[in-house]
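A.B. asks: Now for the letters of each chain:
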Amino acid sequence: MNYWPLLGVAAVVAGFAARLNPMLVVVAAGFVSGFAAGLPLADQLALLGKSFVATRAPLLIVLTLPVVGLLEHAGLREHAQRWIAGLYYMSLSLLLICYMALRQILGALGLTSIGGHAQTVRPLIAPMAEAAARKTAPGLDELQRERIRALAAATDNVGLFFGEDIFIAFGAVLLIQTFYTANGIHLEPLSIAIWAIPTAIAAFVIHALRIVVFQYGLKRDAEPRA
Amino acid sequence: MIALSYVWWLAALVLGAAAVFDLRARRWANALFWALIAIVFAAGDAILAADKAGNRLPTQLAGAAVVLMALLAGSGLLKRATVGDGDAEARTASAQRLGHKLFGPALMIPLVTTVLFLLAPYLVAGDWRLFPAGNATVPALALGCCAAVAFALYVTRSRPAQALRESSRLLDQLGWAVVLPMLLAALGGVFEATGVGNAVSALIGQFVATDSRLACTVAYGLGMIVFTVIMGNAFAAFPVITGGIGLPLLIRQHGADPAVVGALGMLTGYCGTLLTPMAANFNIVPAVLLELRDPYGVIRGQALTAVLLAATNITLMYFLAFR
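Protein chains in written order, with my numbering: chain S, 1 to 226; chain L, 1 to 323.
Just chain L, with the same shape it has in the complex:
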């Protein structure tokens, strides 16, 4: 069986390789940064198991490692690898030689992942199953990436070490931005544990004029957007805002259709996701991936869509929920 832990080890291998290449190139801060995250990945399951068993030292060390990574990122010591345009001619020549063959491995990741995901319920023999039950996506993605690497090595006639060298180059180009989504998700956990969610819903409950349907609908929609912008995630906002406004006011008091309120409320939250740097993996990481000088360039590109769609959603909710 391909357990989740193998996938984390594979990711640790890619991250560890970046540490080794940076060590060789004497980029000490980068090497330390990637080594820390590689260790957290490789030891992750052991850390969680120790925490469950009551030994808090490993989780505290992991917390300290996170603080150290943040300090490294904030200190400006991490060097962005320079984008090498020196081999542009070689790339153009290689592109002409290989042509459409280059598309094959690129399309293989989604294709293999999807096929394996759909086949997962059938890839069983007695008690043995290829993927852990109910969690096939992540191992399927890992296998899809492995298959695509093998095919890419064959197509480009490269040695395996070249694949890790290229991933290390990309990691140094992405820098800390690649870790930010994880850290933001962790912040969500910290906020929840320290009672931020309860405080927000208590605040909102005090300020809404409750006898107008329209005011309640608008307050619910805006609440979903604002709280999603703060948390970076509509999933975190949904229980808080629906519990604070949607359920007591819209559904119980005004008799709105709960299915409509739930679906459109969540989708209004998604409009907030399009607007916030807290949703780093959708808004900040791509800005780095696409080498934009403006870190908020992607948000600027989608802000107008988000605002127009949020207005549409709130209007739809008002008319559909009170049919």
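Next up, chain S with everything else stripped away, as it sits in the complex:
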């Protein structure tokens, strides 16, 4: 066993820890691990190029940018904020918890492309969350606004990750099934997916509690000190 390629992993950790540019870190780590495995430079370039071209799907986010850009230019974010500010019952925690529940339920039905950081969080959920938070704490400072936007993005991630695993045709379930089949254990997708339900409920409860605590913190900070 050749352990030297693990130096590539060490390069990633060191590079991120030193806050170097992630693009540089990743490419450098690839070369470290390639040289440690004894590959010639020409092979490494071909390997890097081929892996890069073969994984184009994550960049399809750019297809949503013309729509998002046009609507933002026409005031979508301003409108979303004004609308939420006018709904008297809408609080930050209600908004984010409803969004998380919707994301989990739709994810469990296989509808994961509804929502996402570019499609819904930046143009809609983040500005709505800020507007809703202003009702609890009218004088939000810049740091609080950043933490609210980060929480909106985190809520999208939690809702997505812990909903989609219940969907039996989802890649993770099929990956688990394929792995076991290759090792001589035969399972139905449904018998795997069903065990994702307790975690889905736990994720909802834990993150919802955190959102409520966050809002309580905003309220406490906003009250004048006695």
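Keep in mind that the hints were calculated from the coordinates and are not lab data. A hint or two may mislead.
[Claimed, not checked] Covered stretches of chain S (in silico footprint by chain L; criterion: 3 or more residues with CB under 8 Å from a CB of chain L, positions within the stretch not fixed):
1. 17-26
2. 86-100
3. 143-151
For each residue, glycine too, the CB sits at the ideal point set by N, CA and C.
Model the placement of chain L on the given structure of chain S, informed by the hints.
C.D. replies: Structure of chain L alone, referenced to chain S:
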């Protein structure tokens, strides 16, 4: 039929437009960066086909282009477009005029994508089908975006060139972060080809105390988290860690239920995804999209959820797998 290659060309068009606008604005480094990625996108299928046919020059050139992009990103020559707050008044006025009509195109992307995805098996006529079999999501998303652009142009009374100008503005704001997820996925491929996965699973196998159920369960859960944090992807970690700990120790030696081990092991890995900058499209890209000054702001926002949930998952696994 809407082949995948049309979708890549559409993405190349959006990226190429950014290169043209940057060229006009004399932001040379940005223009070069977007031109490189646009070419890789447009020529991607041809590059892969040439590689399969045994001609390695195109893939090597693509690799060199990736290195050049990384150098451009690391050099600091890429300029983040300044966020124009100058037209804030115009935006507020437009928001008041258009009102809820603005929500329509925004909701159209998910709606059209989902409807087309669900209808895909029925959109066939003889041998002709609208989407390639078994891969309807990506073309459906592309069509959904096209429909939404058309509707947005109608609602905002803009010319088509304006849509590309806006996407270019957003791309310059996002900068290299938008390419990072692709590069990380490529790193996963490089790690696999150079034997990093095998080395990790061999290492783990040497260090686990094997006769305690609890120790094996905890080692499996922590292994999934740590390896997901390193690879940025629970899918990459699952075969390695389950093959190294889950299958031989938990399932074969201690008789754990494989369905429980698989499902909860994967979900414990997801907790690792919430913690790592390597999962750039979930953790780093949104920080840029939401204009956070702290690049790890999203990770900080979800870290506590991830840790509590990982502990819950490992506990659940211990009690459910050995019922």
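A.B. asks: Each hint needs a verdict: does it hold in this structure or not?
C.D. replies: Verification of the supplied hints:
Counting residues of the stretch 17-26 of chain S whose beta carbon lies closer than 8 Å to any beta carbon of chain L gives 6, which meets the minimum of three for the stated coverage. Counting residues of the stretch 86-100 of chain S whose CB lies closer than 8 Å to any CB of chain L gives 0, so the stated coverage by that chain is violated, three being the minimum. Check on the stretch 143-151 of chain S: 5 of its residues sit with their Cβ under 8 Å from a Cβ of chain L, so the three-residue criterion for coverage holds.
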